[in-house]
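Trainee: Chains as they are written, first to last, in our numbering: chain C, 1 to 282; chain E, 283 to 400.
Hints are computed from structural coordinates only; laboratory data are not their basis. These numbers were taken from a predicted model, which means no experiment stands behind them. A virtual CB, placed ideally from N, CA and C, is assigned to each residue, including glycine. Hints are supplied without guarantee of correctness; some may be wrong.
Derived DEER-like restraints, expressed as beta-carbon distance ranges [stated by the list, open to error]:
no., chain 1, residue 1, chain 2, residue 2, range
1, C, H116, E, R375, 37 to 43 Å
2, E, T394, C, K228, 47 to 53 Å
3, C, P180, E, Q395, 48 to 54 Å
4, C, Q250, E, R384, 27 to 33 Å
5, C, K143, E, E300, 46 to 52 Å
6, E, Q395, C, R259, 57 to 63 Å
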Amino acid sequence: MPDYTNTSEPVIQVRSVIKSFGDQRVLDGIDLDVMPGEIMVVMGGSGCGKSTLLRHMIGSIVPDSGSVKLFGREITTLSEQEMNEIRKKFGILFQSGALINSLTVGENVALPLREHTHLDEKTIEIMIKIKLELVSLRIHADKMPAQLSGGMKKRAGLARAIALDPQILFYDEPSAGLDPVTSAQIDQLIIDLTRKLHVTSVVVTHEMDSAFSIADRMCMLDKGKVLKIGMRQEFETLRDTPAENLTSDQDKLIRQFLRGDADGPLSRRKADSDYEEDLLRV
Amino acid sequence: MADAGGNIQNIIKDITREGDVVIVKLTGEIDMHSSTELRGCLLEITQERPRLLVINMEEVLFLDSSGLAVFVETMQQSRTQGRQLKLVGLHPRVRSIFEISRLMDIFQIYDTQEEALA
């Protein structure tokens with residue numbers, strides 16, 4: 001597999017992806033490129049399709065139509081065995097940390113190494129210490145997940161996600177359920193690991209403070225479509241521009257989301273549709 | 283020496299012995315496929331108990347954490363025996379893996395082989 005850390009080819013390429021669940025179209029023609037070494041933050045409100053997009057990028061679901069490429073390789077048509085080979089090249093930090101409760105922190109980190117490599121046990125033992133040191137959990141290696149705080153569980157999950165030295169790290173709502181200080185620590189860890197390990201990171205979140213702290217580029221989804229993709233600075237400018245200076249409804253909508261304002265096109269749209277639906281329901 | 287078959291031929295470029303000093307020149311990429319053989323080779327050399335083991339990494343362009351672990355284990359062996367292990371010529375990307383793992387102070391790292399042997 002080519003090394004994508006020194007190329008200008010996208011590590012992840014999503015093209016015209018459409019996905020429906022029943023009658024509901026969740027993704028409606030998504031295009032997205034993620035470049036090597038960058039932190040791409042995918043954001044949007046509840047139900048915008050960001051988690052579904054993530055699931056497409058990790059190959060856990062296939063689109064109704066469209067293409068998803070990782071490392072230049074189309075993954076939507078791969079067999080489970082071929083997909084498992086690709087999966088060794090990326091790590092995922094799930095919202096809950098997804099640790100196995102019956103194993104210690106160290107054993108959780110060792111799991112992918114024991115399952116997917118033929119490394120000597122002594123090598124694995126040293127690797128666990130190195131991985132846990134990276135997330136400042138080395139002294140907690142023998143603890144059970146139940147003994148960890150929320151932030152520590154996330155860090156342990158992150159240590160496991162980097163066990164196989166992945167080229168891509170996916171983060172699903174990394175700040176969810178964390179207090180602001182712990183959340184900021186996780187943000188810093190995401191930045192550090194991306195830069196120092198030369199990985200590419202995709203972060204799905206609706207936490208704007210976190211998004212602006214870590215993103216190189218941002219992608220905003222709404223109703224299954226990409227509203228805007230751009231550098232973090234472009235989104236910052238949009239966020240800080242007075243609403244009356246914005247001409248397009250789309251920019252106003254993005255601005256409201258970025259600022260977390262109670263009033264704006266997002267809330268009016270929601271209120272209007274709810275009201276109409278409520279009145280006309282038979 | 284161990285059987286130098288498979289991946290190890292790609293990793294071990296050269297082994298030279300000068301008295302009680304052993305110099306191992308590595309080349310290529312040290313990853314989870316090649317590190318097992320590298321481990322076997324280095325542990326075998328440490329069994330010879332050389333006064334100084336120099337690992338020349340000028341031609342190593344990539345190192346993953348399994349390779350890092352192999353060097354740590356080799357260092358453990360050397361220290362237990364009261365011997366020396368020196369690493370030479372780390373490429374910036376390889377060096378950064380040592381740095382982020384906070385291993386720069388554990389190893390003696392030199393820019394050139396001459397410096398390591400001086």
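Trainee: Please go over all the hints and tell whether each is borne out by the structure.
Mentor: Results of checking the hints against the structure:
1. Take H116 of chain C and R375 of chain E: their Cβ atoms lie about 23 Å apart, and the range 37 to 43 Å is violated.
2. A C-beta distance of roughly 51 Å is found between T394 of chain E and K228 of chain C, which places it inside the suggested range of 47 to 53 Å.
3. Taken as a hint, the range 48 to 54 Å holds for the pair P180 of chain C and Q395 of chain E, whose Cβ atoms sit roughly 51 Å apart.
4. Look at Q250 of chain C against R384 of chain E: about 46 Å separates their beta carbons, and that is not inside 27 to 33 Å.
5. A hinted range of 46 to 52 Å holds for the C-beta pair K143 of chain C and E300 of chain E, which are about 48 Å apart.
6. Q395 of chain E and R259 of chain C have their C-beta atoms about 59 Å apart, which keeps the hinted 57 to 63 Å range intact.
In the structure shown, a violation is registered for the earlier hints numbered 1 and 4, in ascending order.
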